[in-house]
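Please model the entire structure based on the sequences and the hints provided.
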Amino acid sequence: MGISTISNNPNSSSNYHCDRLELACPCGAPHSIDQHQSVMEGMPTDPAELVSDLIKMGHYSDRAQLMAQTWETNTMKADLWQLLEQGALSNATESQKNICYDLIKMAGGVEEAFSAAFGPQAQEFFTDTLQSSTFRRREFLIKVAAAAAVVTLTGCPSAPPETATPSKETPAGGSIPAAGVEKSSLKVGFLPITCATPIIMSEPLGFYTKYGLKVELVKMPSWAAIRDSAIAGELDAYHMLSPMPISMSLGLGSTAFPIKLASIENINGQAISVANKHLGNVKEPKDFKGFSIGVPFAFSMHNLLLRYYLASGGLDPDKDVQIQVIPPPDAIAKMTAGQLDAFLLPDNVVQRSVFNKIGFIHLLTKDIWAGHPCCAFAASQQWIDTNPNTFRAINKAIIDGAGYANDPKNREEIAKAIAGKNYLNQPEPVLKAVLTGKFEDGQGNTLDVPDRIGFDPYPWKSFAKWISSQFVRWDLMPKEKADYQAIAQDIYLTDLASELAKELGQTPPTETERVEKLKFDSFDPAKPEAYIEEQIKQFKV
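Numbering (this note's numbering), first residue to last: 1 to 541.
Errors might be hidden in some of the hints.
Claimed, not checked - Straight-line distance between alpha carbons at most 16 Å, and here's what the computed EDC-like set of lysine to aspartate or glutamate pairs gives:
1) Lys319 x Asp475
2) Lys527 x Asp483
3) Lys187 x Glu216
4) Lys183 x Asp385
5) Lys357 x Asp341
As the list claims (entries may be wrong) - Simulated restraints on C-beta separations:
6) Ala486 x Gly338: 42 to 50 Å
7) Asp495 x Glu216: 25 to 33 Å
8) Glu503 x Asn445: 36 to 44 Å
9) Ser185 x Asp287: 47 to 55 Å
10) Ala526 x Asn356: 24 to 32 Å
11) Ala526 x Asn276: 14 to 22 Å
12) Thr336 x Asp287: 18 to 26 Å
13) Asn425 x Ser185: 20 to 28 Å
14) Thr336 x Arg514: 34 to 42 Å
Honestly, the hints are just simulated from the structure, not real lab data.
Remember, predicted model here, so these are calculated numbers, not experimental data.
Cβ atoms here follow ideal geometry from the backbone N, Cα and C, with glycine treated the same way.
Dropping the structure here:
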């Protein structure tokens, strides 16, 4: 895809665009004076909608938006206190009543609203209310315009552009300023699993700083939470499962919302753990009949690989077992409580089941498909369009980090860097066992599997086609939506990942797709429909 390099910074003090000799419009938008009328004709006439569009276009500073949010939050707090604590609801204005009703609805009750508004999570409560209530959102947008006027009239300067200060842990080469980034402070959502290693380690080991970025990693509880957060536009970019950009873009299981897969985070790195009560009784796929098995998300490689494996043994995954969606952080507790017979999850969760002596490793997913994709770095098309240079910079930082993580000699350092409670919150020995490939399997064996997990960031388009074929096979996607070539071409940004890797001195593949060799068959990306038919014919499922 093409990445624009034209600056759209409306906060420039000059009336000339720095990248072209053209008189800029006094309104501050990135168009000329003679273009102003035609641009404004296409803008909304409703004041709140107009402000909303201008925020998306970057014409209101972060300072004005923060001032407006603080203003609206304090208004809601004051009205809630007056009306509920002092019993003045009968004398309230219509606006004050609306505020209370919105807050009570959001919290689920009067007392709950009061506790939420004045409790430790108050900021999150008010932010959620602003996002969920149309009335509150309109009030906030109007306050943004007023706050911007206050900033201008009082001469309050906007916060200066943030510049990253290289830390002592910045990788060799020092800081590389990201030319023309639209924003340097970012929030990236992640799940606390080893699959996210390049995204996570790039913060403590300085890879984001190296590219002039300040990234706050936001820990999320589940893949559904990441999906919903991305659709709501709450954060800048996300750690996702490699099938999620496809499912989200096509509206499978959610509202259709265009997402691009920028780079793969890890290959391999998953396994099947079985509860110790089944030790000695589970040797092959057919032995899982009747089991309750956990996977992290319906649209995950875990679910697709599990189904592939079970079907090879003649089991129908929709009839012969019960597949449950289990957020990875909850899996250990559920297996301990006897609610799961097995799960196919990231290796740090699987290894934790061995560490806690509740389960054993039945099979690594690399033995189902060596080199299969698992997780990815992704962002919405809308965010990429608004921040093309920032997107390029953070993707490059993560690809750089993936190259560092892929070197076995760096694995112990990385395990230590990501073990803390802000990241994976796992015992360091568990992470070392995953990242170095030297581990106990819970069956009395000590194994040495160097490629247990890998960090090759190249997003093969054949990955996208195999995933799409399995969506069709297991009725997760209607056959008529399966435009395999279009899905792979539009959603997996292989060309950009290759370009960035070359800039880093890496040697990405010259092809964009390949024949994928799995345990029980091979997938030809040129013939996905024939592959599905052959699977069903071979395994009778």
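We went through each hint and held it up to the structure:
no., hint, result
1, Lys319 x Asp475, "14 Å, holds"
2, Lys527 x Asp483, "12 Å, holds"
3, Lys187 x Glu216, "5 Å, holds"
4, Lys183 x Asp385, "13 Å, holds"
5, Lys357 x Asp341, "14 Å, holds"
6, Ala486 x Gly338: 42 to 50 Å, "45 Å, holds"
7, Asp495 x Glu216: 25 to 33 Å, "29 Å, holds"
8, Glu503 x Asn445: 36 to 44 Å, "43 Å, holds"
9, Ser185 x Asp287: 47 to 55 Å, "51 Å, holds"
10, Ala526 x Asn356: 24 to 32 Å, "45 Å, violated"
11, Ala526 x Asn276: 14 to 22 Å, "45 Å, violated"
12, Thr336 x Asp287: 18 to 26 Å, "22 Å, holds"
13, Asn425 x Ser185: 20 to 28 Å, "24 Å, holds"
14, Thr336 x Arg514: 34 to 42 Å, "41 Å, holds"
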